[in-house]
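Undergrad: Protein chains in written order, with the numbering used here: chain H, -3 to 351; chain B, 69 to 382; chain G, 280 to 644.
Hints in this document: simulated from the structure, not taken from any laboratory.
One should not assume that every hint holds.
If you anchor each label on the Cβ, the simulated ranges turn out as follows [to be verified]:
hint	chain 1	residue 1	chain 2	residue 2	range
1	B	V188	H	F296	54 to 60 Å
2	G	T623	H	I32	57 to 63 Å
3	B	V357	H	F296	36 to 42 Å
4	H	V18	B	I358	36 to 42 Å
5	H	I189	G	P312	33 to 39 Å
6	G	T623	B	S186	38 to 44 Å
7	H	I189	G	K558	33 to 39 Å
8	B	P190	H	F296	49 to 55 Å
9	H	L292	G	H561	50 to 56 Å
So the derived list for chain B, only partly shown, Cβ under 10 Å to chain G, looks like this [what the hints assert, rightly or not]:
hint	residue
10	A88
11	V187
12	W229
13	R233
14	S234
15	R235
16	L279
17	V292
18	L319
19	G321
20	I325
21	F329
22	Q331
23	A354
Virtual Cβ for every residue (Gly too), placed ideally from N, Cα, C.
Here's the letter readout for the chains.
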Amino acid sequence: MPLRFEARAEASARMRYGSPLVAVLLTVAGGLVLFILLGRNPLHGFRVFFYDPVKDLYGVSELLLKATPLMLIATGLAVGFRANVWNIGAEGQFLMGAVAATGVALMFHDSTSMLVLPAMLVAGAIGGAAWAAIPAFLKTRCNTSEILVSLMLVYVAQFVVSWVVFGPWKDPQGFNFPQTVMFADSALLPVLIPGTRLTVAFLIAIAALVAGHFFMTRSYAGFQMQVTGQAEAAANYAGFSGPRTVWIGLVAGGALAGVAGMSEVAGPMGQLTDHASSGYGFAAIIVAFVGRLSALGIFFASLLMALLYMGGEQAQQHLNLPPAIGQVFQGMLLFFLLGADVFVNYRLRRSRAAP
Amino acid sequence: MTFAMDASLVTPIVSASIVAGTPLVIAALGELVTEKSGVLNLGVEGMMAIGAVTGFVAAQHSGSTIIGVLAAMVAGAASALAFAILVLDLTANQVASGLALAIFGVGLAAFAGKPYESVVLPPVRALPIPLLADIPLLGPALFDQQWLVYFSWALCAGVAWFLYRSRAGLVLRAVGESPASAHAVGYRVIRIRYFATMFGGAMAGIAGAFLSLFYTPMWSEGLVAGRGWIALALVVFGTWRPLRVLVGAYLFGGVLIAQLFVQGSGLPLEIPPQLLSSLPYIATVAVLVIISRNPNTIRLNSPVSLGQPYRPDA
Amino acid sequence: MTSRRAVIRTMGAALGAATLPFATVRRALAAEPVKVGFVYISPISDAGWTYQHDLGRKEMEKALAGKVQTKIVENVPEGPDAERVFRELAKDGHKLVFGTSFGYMNYMVKVAQQFPNNDFEHCTGYKTGKNLGIYNGRFYEGRYLCGIAAGRMTKSNVIGFVAAFPIPEVVMAINSFIRGARSVNPKAEMRVIWANTWYDPGKERAAAGTLVAQGADVLTHHTDSTAVAQAAEEKKVWVCAYHSNMAKYAPTRQLTASEEIWGGYYTKTVGRAIDGSWKPDHVWGGIRDGMIDIAPLNDAVPADAKAQIMKAREEIASGKLHPFAGPVVDQDGKARVAAGQTITDDALSKMDYYVEGVAGKLPKA
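Please put together the full structure from these sequences, using the hints given.
TA: Dropping the structure here:
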């Protein structure tokens, strides 16, 4: 091998911001090849995929709507990921947040109080956090892998949703279909731009991003978590609490995933059905990484991810391509980004002898 | 019609549990070897999907199941290779890369398999083992199965022998325990991890082919249906021990089949089907807790460097 | 992109033109083809719910060649994304948009209000609007006929049903099937396994195997894959397939299949959209309307049983026979419909009990 990687003395700041661009360029190149292989005009393909979804205000509002839950969940997950707490069950926490918020909405269905929505928000956060507390408890008490427990609980959460909509919370007027009643107006999030579906949940997501940023960069607890993530031994030496890191990491992710679940049922869905699970919890993991666990990065990554979803829909409608092409693009982007990341910490050097 | 005591049900329950557990056994044993080398590949679901579609397409064109299985193996290994390049050479984060592989693999398989969704293949016949298959009750359950089931047992024995009885297995475990010391003694850590990761991919591919060629001879999007994730859980469930992984997979299959049998018995039980369907997952969590409560079992068996990147020249 | 389909369409129009009177030809060529959209819940695949809808769409496209241009969007989940898909189709000038899954209901209601100049048709829902019609099939009629076949063919008197979720449509199917079976074989019993999924071939197959191990020698299903039919072929038991004719998957063991046939309905409805006479309607069509039928019977079915089935088919079509004509007794012996009466459509569409002959308890959750 004439080339080899050499560790940089310190992480390259230029590459830290450069590598996402490299990844996007590589994805574009991959897309070019893909479109040519499929016999489609690549320029037309790119236009349909990346421009058409957002060519008008409504498209932009849909993009932000779709990015909102991704932003919320990824912000929470990033807190844990920075401390090597691997919560990959955000999908389940999202669902439990939706269930808890629905419970409040149904309980106060006849109320017109302004407090219904805040109560739903809190319930959603608690629902998600409680579901994430299970792996946190098991991790700190029994040393059980949080990756697997949080993942298994995704399936259980899906069955919980299925159970409530088929059973106790089924709409009595709904011909026995698995759905709750449509929420009352007092339980629906206000729309930001009239004529669109974008709700104030988007603002909550932005607030969460900002709060997450300050927590990780300015607070003592955030600092402790960073240290734990980067060097566990050092953290132990400094007397930082491992269990506390696990708890904060999981509960933060769970609470924000729960809020995202609430924003779905109180937003574009307007009810709980057994199709509340839409894969946001898994997609947000990718968003967190593509956004390099930073607030600004997560903001852009969730927009990009949402665009890929919508592009996949467009590609199906206007290019006659299977909808799975959206997933192919998502996977490609993440692969290239992860690959390009090597240049942050390493540089390519010509080596004299084979290693 | 009594359910609990009817001996004639033993054979079908055990037999069906084994069949349901087989794709999990194969995929989990592959992942076990990968993890023993210190690499955590969360992309099993994606590799299984790629294996399932490749195996199906190859078997359909060649008319041979064996070629299908081999093609699935190669495809699984190739997708693991992409992952390995990312995490081993480019030291990307293993959790993120694995998830990327899972999403990408499922998407790619759905995309590439589109034209094959209408194709029918003949089912693979069971291959009864003479004499053994005639043992009452358990004979037909264990020894009247399709050949990949027997393969999964051989795989289990082979992996156990390799890890604990062979020199190469010792080296592999050393690499997983302490890559730095293994490197210091002169082993090529990265190369060994490449092999282990690709072996895991190859097995995931075969597990996918089991689904598309043996279990339900068809391809369609959603065929893998989360089994790759279960396989990951089974590795921990089995505390990285091949035989325990096998038992765990059959237990998981057994819980699934048992709840179907309870329903099929027609007894007037009022249990929400959602509760029954979530039992296998709750059971997995419960066993994970029991196993990990004893720190020794985990500490003794889990590879110390699991999931951590390593660069010899760093 | 000039696709092959476009070329075929043009050819079809030209061929059609040759046989039509001149004046009609001029009008057909002059008018822009009407754009019609279809939104599907799953991939079209080779059998099942969505496949049947797409067969119907193709039949309609052929019947109205040159006058219509269709677009399909498949695999659209029953969540907020659906709203965007419907909106997009409406905005794109699709005069009529069909949504073929229950979960699209509330999204279609919203989009229909926002696009008053487009028309919408929702399959299996219950909400209508000024420009939103609903349509559905009387699936239970086909089930009843399958039940007769099963009742005649079973030796063990145990029929196995692999079901997805306990919604009325599925409960209706279970009840209608066993009533059909017991109309010719009072000893027939139904065992139900809820797979809790619309689509997981592995699990459906395991459920089928379980039912066979527990004595079922005729299987049927209300799930979306071909796994139950394939399992029946392998285990050498009979199967009454659902949604589609699955003879390809169970060549020797399929007794018959209860099929949905949407072509006629789509042709008629789109035709109305073309000539401007479309109105929102509430259609619940069965054998009489050509929306439900059964696949050709297996040769193993004895001639007198065939005659029985075909007679019942005629009687259902003529209205003489209703699968839920009283007395309808539930599994606890309670009379739900009195003798001499027939169940109302409303009671039918809310059905939440098992009739006699079904073992086990209906999950109420």
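Undergrad: For each hint, tell me whether it holds in the structure or not.
TA: Now the hints, each set against the structure:
Roughly 46 Å separates the CB atoms of V188/B and F296/H, a value that falls outside the hinted 54 to 60 Å. As the Cβ distance of T623/G to I32/H is approximately 59 Å, the hint placing it in 57 to 63 Å holds. In this structure the supplied range 36 to 42 Å holds for V357/B paired with F296/H, their Cβ-Cβ distance being about 39 Å. Under the hint 36 to 42 Å, the C-beta atoms of V18/H and I358/B, about 46 Å apart, miss the expected range.
Between I189/H and P312/G the CB atoms are about 35 Å apart, so this pair conforms to the stated range of 33 to 39 Å. For the hinted restraint 38 to 44 Å between T623/G and S186/B, the CB-CB distance of approximately 40 Å keeps it satisfied. I189/H and K558/G have their C-beta atoms about 34 Å apart, which keeps the hinted 33 to 39 Å range intact. Between P190/B and F296/H the beta carbon distance is about 51 Å. The supplied range of 49 to 55 Å therefore holds.
Separation of L292/H from H561/G is about 52 Å and conforms to the stated range, judged on CB atoms against 50 to 56 Å. At about 6 Å, the closest approach between the beta carbon of A88/B and any beta carbon in chain G falls short of 10 Å, and the interface hint on this residue holds. Interface hint status for V187/B: upheld, as the beta-carbon distance to the closest one in chain G is roughly 8 Å, under 10 Å. Given the 10 Å rule on beta carbons, the hint for W229/B is violated: about 30 Å separates it from the nearest Cβ of chain G.
Against a cut-off of 10 Å between C-beta atoms, the interface hint on R233/B is violated, since the closest Cβ of chain G lies about 34 Å away. With a least beta-carbon distance of about 34 Å to chain G, the hint placing S234/B at the interface is violated under the 10 Å criterion. Proximity of R235/B to chain G is violated relative to the hint, the smallest CB-CB distance being about 39 Å (cut-off 10 Å). The criterion of a C-beta within 10 Å of any C-beta in chain G is met by L279/B, whose closest approach is roughly 6 Å, and the hint holds.
The beta carbon of V292/B is positioned within 10 Å of a beta carbon in chain G (closest approach about 9 Å), and the interface hint is therefore held. A hinted interface residue such as L319/B counts as satisfied when its beta carbon comes closer than 10 Å to some beta carbon of chain G; here the least separation is about 15 Å, so the hint is violated. Residue-level restraint check for G321/B holds (minimum Cβ-Cβ distance to chain G is 9 Å; threshold 10 Å). Given the 10 Å rule on beta carbons, the hint for I325/B holds: about 6 Å separates it from the nearest Cβ of chain G.
Because the beta carbon of F329/B sits about 5 Å from the nearest beta carbon in chain G, less than 10 Å, this interface hint is met. Taking 10 Å as the C-beta cut-off, the interface hint given for Q331/B holds, the closest approach to chain G being about 5 Å. Given hint, A354/B at the interface with chain G, is violated; its Cβ is 20 Å from that chain's nearest Cβ, farther than 10 Å.
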